[in-house]
Every structure is written in C-alpha cells, then in structure tokens.
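There are 2 protein chains.
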Amino acid sequence: MLALIFDLDGTLIDSVYAHVLAWQKSFTAGGMLVPAWSIHHKIGLVGLELALAIGRELGRSVSADEAEELDKRHGAIMNELLPYPEPLPGAAALLHRLREMHVPWGIATSGDRSGVEKALRSLGLSNNATVVCKSDVDHAKPEPDVFLACRERLNILARDCFVVGDAVWDMLAARRAGMLGIGVLTGGIGRTELIEAGAYRIYGDPAEIDAKRYELGLVIG
Amino acid sequence: MLALIFDLDGTLIDSVYAHVLAWQKSFTAGGMLVPAWSIHHKIGLVGLELALAIGRELGRSVSADEAEELDKRHGAIMNELLPYPEPLPGAAALLHRLREMHVPWGIATSGDRSGVEKALRSLGLSNNATVVCKSDVDHAKPEPDVFLACRERLNILARDCFVVGDAVWDMLAARRAGMLGIGVLTGGIGRTELIEAGAYRIYGDPAEIDAKRYELGLVIG
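Going down the list, the protein sequences come from chains H and W. Numbering-wise (my numbering), the first sequence opens with residue 1 and increments by one. Numbering-wise (my numbering), the second sequence opens with residue 1 and increments by one.
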C-alpha cells in the first residue's frame, strides 16, 4: 500500500513567484533590500524561519516579532498580487486519478489554513481532503513533522510514502521522515538542486507524474 | 586587453521575478494559463520570441500581432508591479571598479531603451555607458547580435570578451559570439543549467565576481 503526500505551494498550485515578490516587497517595507533569488531558494520554509534566515544572510538580527510582522505583511501583499492562484498543470487530474485508484494521498504544507482552503477550492476539491498545515504541528518544514502527521492520518508506513514537493526543504524533510522524495520543477528550483537535496526522482509537473506513475509503482492492479 | 559585456535584467538589476509575474498576468489577460516556472526559463529572450515559444508549448498558435500585444501588456503590468527595480548586490561597485581598472565594459540587453535608462539611473550610472538594446540590432537574444554589436563599440576582440548573464540564452549567444560566458545565479536559474548551456564559470552575484575577479584574469596590473 503506497501513499502520496503533496506539498502545496509550487507543487499543486502556482504561487511561488508571487510569494517571492510579496516577501521581497515586505522586506523592502521593513527597510531590508533582499535579492529575489535569495528569497526564492527559501520558499517552502515556514514564514518565521524564512525571515530569520534572510536576516542571518544580511548579517542583521531579525527579532521574532519583526519576523512575524514581515510574514503578516507578506501575506497581505500576496493577497493583492495573486488573489487566486491557479492549479499547476495536471494537479487536479492527478489527485482525482489517485482517488480512482484508491491510493491514499494528503497535503502537508508550511502554509496556514486560509491559504489551504483557497487552494483546495482552486483544485476543485472539497474539504474532506487530508491536510496538515503549520498550525497542526509543533515544528514546520524543514522539520519532518507535517509529513509524519500526514502519514499518521493516512495510516500508511513512512517507508511506503512518497513526498512530492518543489523545494529542497521538502526533500530534506522527506529524508528525515524516512520517505522517498519526488521533486517537481514547478517551483522553479532546478533538477540538480533537488537531486542534491535527496530527491529520488524528478518530474516536470503533476501531469508528468500522472503520465509516468508506473515508475513509482503506481499502477492499476 | 579584456572586456566585460553585461546582460541587464537579472544580472545587474533585480527584475526577473517581477517580469515572470507580469508575463503570467499578461498571458492570463490574453486567455492563456501559463505556469510561472515555464515563463521563468524563457526570461532573457526578446519579448516576441518569448510569447511565440510559450504559444508553441501550449500547442496554440500565437500571431506576431498577438505576441506584440502580450509584450506591451507585460510592460505595463511590470511598471505597476516593480516601478523601480533595485540593483543586485555588488553591481554598481563592480562597474565602478572596472572603470577604475580601465577595463572596458558594456551592457547588452533584450530590453528596450526606456527600461535601460531606468536601470542605469538605479545603478547610479550616467548615460555615457556603452549600451546595446534590442532596437539597435536586427536579431535579439538568443542570436548573438547584441553581444557582437557591443564588442564592436568597445573595440575589443570577441575572444577577449566575457559575457556576464543570468540566462541560458546569454550563455548560448556568448558561445555563438565566440566569447566566454560567465553565469550569475541572481536570475534564479540554477548553476547546472547555466553550465550545461556553456557557462565557463558561475558566480552567485556581481559582488562575488568582484571578489574573485582574479579568476578571470582581472587584476590590477
């Protein structure tokens, strides 16, 4: 019995680039000039961690309060920049196919509940999907907690779970959770970086996973 | 005698992520859903080519008129999203250092004159920099014409020119121009992709080029 655990932003919905710009504008408003590519490589971390990591890179200490304010402002700008993120090619079809095949799947994200609900609607999913978000666990990505909590809800052994994600943090957390990581390129992080972070396989997007799912042993039995 | 020819967007100024989002919004307004990462990998192409390439990827024919309209709308949205792009770390200092060292340099871009003027101001440069943009040549990137025209104005042999760019198109055009390509990661394209496209060396950003310029033989003699 296999299961798939999906990251959300950049994996199922097309929101990474807007997140990058929203973070950059939030930092600028906080008096910090941060290059966009440096933010891009930290997307997938929970907001607080991202803000602290950027602070360290700038050699400037960012307090927890300041990080929270940066994250909150990033959320508000994100809502203006991209109020309705689109699903990535093949995402809705892949989830539908897995249901047809009776393959359990869930979503595990560093995002918050409100973003998840919006994303589920854009994917045409009702609220009965198995979703773990940052408020459900003590430690968000790159800690493996969201994947482990999702596995528990699905009631599948870790070694039988694939984690599908676009960020090196997904691959790191998957490895720590004892799961195989499947990288997708839809978040704009390159193939080599994902493989170096421990990805077992790389696909372009969810549509390619669907087309080549036999490579993962996902065949109608 | 060595010379450096710089790409502009994503190499000297931090504008790639905003360009991606502006293109995506322009395509959406034209009735085309295009994943952001697919646009990201085409940034650096001249607008018309980018629009035609996306059309081919979607299996949808895009006319030259339609491509022009998409590009024009992308420019308008870009102006709203990021009216004043910031220089990338070390960009202004590197150009200043090259002047001090009497190393000739120029800028060669797929962008248009108005974007260039705004960028020169943000870099603190007067208008006396050597700049070649798309309207100065018959064929924009990935054709090598902008680099060859820049070389001619600098009056340096092609084999003595380094092209500094963030896109695989810069590396391709550099190789075709008989120049060595230097990749920077500031446009968000990964190290391996730039090397596979023919980069001779990779640096994080202009600040790292400045710090390691001895690797390029750029030493005060």
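Hints were generated in silico from the structure; no laboratory data involved. Treat the numbers as computed from the prediction; the structure is a model and nothing was measured. Hints are not guaranteed to be accurate.
Heads up, the list lumps identical chains together, so a pair's fine if it works in one copy or across two of them.
Restricting the straight-line Cα-Cα distance to at most 25 Å, the calculated cross-link-like pairs of lysine-lysine (PhoX-like) are [claimed, not checked]:
id, residue 1, residue 2
1, 25, 42
2, 118, 72
3, 212, 25
4, 118, 212
5, 212, 72
6, 42, 72
7, 42, 118
8, 118, 25
Right, here's what the structure says about each hint:
1. 25 x 42: both (15 Å within a copy, 24 Å between copies)
2. 118 x 72: Answer is within; shortest intra-copy Cα gap is 17 Å, inter-copy 31 Å.
3. 212 x 25: Intra 39 Å, inter 30 Å, cutoff 25 Å: neither.
4. 118 x 212: The answer is neither: 28 Å in one copy and 47 Å across copies each exceed 25 Å.
5. 212 x 72: For residue 212 and residue 72, neither the intra-copy (39 Å) nor the inter-copy (38 Å) Cα distance is at most 25 Å.
6. 42 x 72: within (17 Å within a copy, 32 Å between copies)
7. 42 x 118: within (22 Å within a copy, 29 Å between copies)
8. 118 x 25: Both: 22 Å inside a chain and 19 Å across chains, each within 25 Å.
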